[in-house]
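Trainee: The primary structure of each chain is shown beneath.
2 protein chains.
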Amino acid sequence: MFKVLKTEGRARRGEFACAHGTVQTPVFMNVGTQGAIKGGVSAHDLKELKCQVELSNTYHLHLRPGDRLIHNMGGLHKFMNWDKPILTDSGGFQVFSLSSLRKITEAGVHFASHIDGKRIFMGPEESMQIQSNLASTIAMAFDECVENPAPYDYVKQSSERTIRWLVRCKTEMARLNSLPETINKKQMLFGINQGGTYDDLRVENMKQIAELDLDGYAIGGLAVGEETEIMYHIIDVVEPHMPTHKPRYLMGVGTPCNILEAVHRGVDFFDCVMPSRNARHGNLFTWHGKINLCNEKYAEDPRPFDSGCGCPACRNYSRSYVRHLIKAKEAVGMHLAVTHNLYFYNELTEKIREALDGGYFESFYQKYRNILGERLQD
Amino acid sequence: MFKVLKTEGRARRGEFACAHGTVQTPVFMNVGTQGAIKGGVSAHDLKELKCQVELSNTYHLHLRPGDRLIHNMGGLHKFMNWDKPILTDSGGFQVFSLSSLRKITEAGVHFASHIDGKRIFMGPEESMQIQSNLASTIAMAFDECVENPAPYDYVKQSSERTIRWLVRCKTEMARLNSLPETINKKQMLFGINQGGTYDDLRVENMKQIAELDLDGYAIGGLAVGEETEIMYHIIDVVEPHMPTHKPRYLMGVGTPCNILEAVHRGVDFFDCVMPSRNARHGNLFTWHGKINLCNEKYAEDPRPFDSGCGCPACRNYSRSYVRHLIKAKEAVGMHLAVTHNLYFYNELTEKIREALDGGYFESFYQKYRNILGERLQD
Numbered sequence: 001m002f003k004v005l006k007t008e009g010r011a012r013r014g015e016f017a018c019a020h021g022t023v024q025t026p027v028f029m030n031v032g033t034q035g036a037i038k039g040g041v042s043a044h045d046l047k048e049l050k051c052q053v054e055l056s057n058t059y060h061l062h063l064r065p066g067d068r069l070i071h072n073m074g075g076l077h078k079f080m081n082w083d084k085p086i087l088t089d090s091g092g093f094q095v096f097s098l099s100s101l102r103k104i105t106e107a108g109v110h111f112a113s114h115i116d117g118k119r120i121f122m123g124p125e126e127s128m129q130i131q132s133n134l135a136s137t138i139a140m141a142f143d144e145c146v147e148n149p150a151p152y153d154y155v156k157q158s159s160e161r162t163i164r165w166l167v168r169c170k171t172e173m174a175r176l177n178s179l180p181e182t183i184n185k186k187q188m189l190f191g192i193n194q195g196g197t198y199d200d201l202r203v204e205n206m207k208q209i210a211e212l213d214l215d216g217y218a219i220g221g222l223a224v225g226e227e228t229e230i231m232y233h234i235i236d237v238v239e240p241h242m243p244t245h246k247p248r249y250l251m252g253v254g255t256p257c258n259i260l261e262a263v264h265r266g267v268d269f270f271d272c273v274m275p276s277r278n279a280r281h282g283n284l285f286t287w288h289g290k291i292n293l294c295n296e297k298y299a300e301d302p303r304p305f306d307s308g309c310g311c312p313a314c315r316n317y318s319r320s321y322v323r324h325l326i327k328a329k330e331a332v333g334m335h336l337a338v339t340h341n342l343y344f345y346n347e348l349t350e351k352i353r354e355a356l357d358g359g360y361f362e363s364f365y366q367k368y369r370n371i372l373g374e375r376l377q378d
Numbered sequence: 001m002f003k004v005l006k007t008e009g010r011a012r013r014g015e016f017a018c019a020h021g022t023v024q025t026p027v028f029m030n031v032g033t034q035g036a037i038k039g040g041v042s043a044h045d046l047k048e049l050k051c052q053v054e055l056s057n058t059y060h061l062h063l064r065p066g067d068r069l070i071h072n073m074g075g076l077h078k079f080m081n082w083d084k085p086i087l088t089d090s091g092g093f094q095v096f097s098l099s100s101l102r103k104i105t106e107a108g109v110h111f112a113s114h115i116d117g118k119r120i121f122m123g124p125e126e127s128m129q130i131q132s133n134l135a136s137t138i139a140m141a142f143d144e145c146v147e148n149p150a151p152y153d154y155v156k157q158s159s160e161r162t163i164r165w166l167v168r169c170k171t172e173m174a175r176l177n178s179l180p181e182t183i184n185k186k187q188m189l190f191g192i193n194q195g196g197t198y199d200d201l202r203v204e205n206m207k208q209i210a211e212l213d214l215d216g217y218a219i220g221g222l223a224v225g226e227e228t229e230i231m232y233h234i235i236d237v238v239e240p241h242m243p244t245h246k247p248r249y250l251m252g253v254g255t256p257c258n259i260l261e262a263v264h265r266g267v268d269f270f271d272c273v274m275p276s277r278n279a280r281h282g283n284l285f286t287w288h289g290k291i292n293l294c295n296e297k298y299a300e301d302p303r304p305f306d307s308g309c310g311c312p313a314c315r316n317y318s319r320s321y322v323r324h325l326i327k328a329k330e331a332v333g334m335h336l337a338v339t340h341n342l343y344f345y346n347e348l349t350e351k352i353r354e355a356l357d358g359g360y361f362e363s364f365y366q367k368y369r370n371i372l373g374e375r376l377q378d
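Going line by line, the protein sequences match chains G and C.
Note that the working numbering gives residue 132 to position 132 of the first sequence, counting from 1, and the numbers run on in steps of one.
Note that the working numbering gives residue 178 to position 178 of the second sequence, counting from 1, and the numbers run on in steps of one.
Worth double-checking, as some hints may not be accurate.
Identical copies go unnamed one by one, so any copy, or any two together, can satisfy a pair.
[To be verified] Pairs of lysine-lysine, DSSO-like flavour, derived with a Cα cap of 30 Å:
1) 327 with 118
2) 327 with 84
3) 103 with 297
4) 367 with 50
These are computed hints drawn from the structure, not numbers from a lab.
What you are looking at is a predicted structure, and each value in this text was computed from that prediction instead of being measured.
With these hints in hand, go ahead and build the complete structure from the sequences.
Mentor: Pasting the structure below:
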């Protein structure tokens, strides 16, 4: 259950109680697509990085190692040795972005696995069944994620179908949560707002799904091709129609600035592959701006990435050393860089929470909204 | 300085005092070629894996990031944040195995970098200068490592030249250790016995280098194509001519059984890429035999790799989970597997030391000499 502890403007400081503990919001969820964080970060490491929620992927885990196997091993928590909350996305996004030969019908989607081309069908019921086998804390509804921009008529038709799918997800989850063999009988369901970049479709969609009284609401279909200003505009348009007593999750977003801006607009949950993906190419976030470690000027720089940072990489290693490791393609270089960026994102939301608790979020927001996106000058 | 604390048969329990602490022998040195252990293992992790000595590579670090850079950063210890002993191999092996367009003269070797084809010259003096810049605890002499089998006349000529190179290494190191800008003025030099698979050449070479009163003696040019029995035979032939009060290092060897057999024949130091290389393909060592984690039978196996093992991987994760990670090519899978194998090797030499201390090495040897090489039956 979600409780708003405090607000400042539209920004919310909250607490979300679920089957695997209580999540302090705003929160950044750390993406471990295949049941593991990219960059060689283990579940054990995640705890040191202040991670509150791990996010895994229904589509990937269904294909490999298979959700039945994970069910047999006692669910994803036991499989990964992670006892805090896990959110699983529904597979919708990956079915539409990774697989080939898609055919969408009212029933669901026929597609070919990106691993071996195997023909697979996934609809709302199948997605819920897989997520029930994974036994995640929060399951996401099965939706169609439309690329931006897309024609009005297609988006309208698609987002209406996604609502019908959501109703089926809710029914199927209720059934699954009542079965004796279900591992997490308290699994929660978040619905996903769609509607592309069309204000009226977004609002209509949001109003309808709000009536379903779900455990949380996500804004999906953003950060998929549109301009950042359009993304902020859609949040501004949708947010007034989101239930205030339910958590709000902006899917797949984004840069530290995007997160700050979205919190300022009333969002509570985030996830993004950016911290780990950028890190693997030497792009690091610091409290004074971004750095690209591959830059020649860091070759003999004995300082940590960010001198104020308490992450395991900054506590122990220099820019010079990690730069060498990344250029030499040593796995530990990527590991240290990913470690730092995840810690940075988790600390960012921690500092946002502290600012909200202390009643100075607005000045925090004004101070960092530009700095975080700029390149570090040193 | 090396002290033999105890012997049992030809096996020796010793202590080696050097600039960065005291090494308990027999010891397995953990290979971090480019200043990092493969599989995303950091210097910080190494301590948890009971590693006593880290081994880095002169050739690789000279090419990238450059030994001058590492010197400017305060030496390899500071660069890697590793305060225990480091041994650097001389680059000889890599010059002969990795680079192309080699031309050997009395002065040294002209070759082309395997990274960018750049023409480089390395002789005994250059190798010592690079290792002095790296400021390792122990430098290895610059040698030619001949593939087995090779013609008698070539091996004879080559090993005689390697002795002349060794004399030049010793002279150059003495000069470097006396310079004010040298970071580790107590750097030690190990000579390398060569002579291919020819008993008389091996013995003659060993006798000559023993007279140079070096800090330690390695047997090189083994595990490079010859049968295992020939390797054991060469150790048996050379060992009686190695100074008893100096450490003995069998380079690049080998399996757990090879190590046990070589300790039984009087060897003190080991290094090998096998634990990390095998781990990356799911091949793990246990106290009950080897396992290949990719085998289907481990797909739903909830047990750790080795139920008696105290490594971070075995304490936290199942065969099933790590098998999935390795098959999905997740870096953390390789990390956990490498972690286990390195811990196993370090624990193997620890248990060998305990057996020597307790006076039961012979029965330990008889018990494990076969088990360790077999496939685990479970």
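Trainee: For every hint, state whether the structure bears it out.
Mentor: So, going through the hints one by one against the coordinates:
1. In this assembly of identical chains, the alpha carbons of residue 327 and residue 118 lie at most 30 Å apart only when taken from different copies (18 Å versus 37 Å within one copy).
2. Taking the shortest Cα distances, residue 327 and residue 84 sit within 30 Å of each other only across copies (25 Å), while inside one copy they are farther apart (35 Å).
3. Taking the shortest alpha-carbon separations for residue 103 and residue 297, neither the intra-copy value of 51 Å nor the inter-copy value of 36 Å comes in at or below 30 Å.
4. In this assembly of identical chains, residue 367 and residue 50 lie within 30 Å of each other by CA distance solely inside one copy; the values are 23 Å within and 46 Å between copies.
When the structure is compared with the earlier hints, a violation turns up for hint 3 alone.
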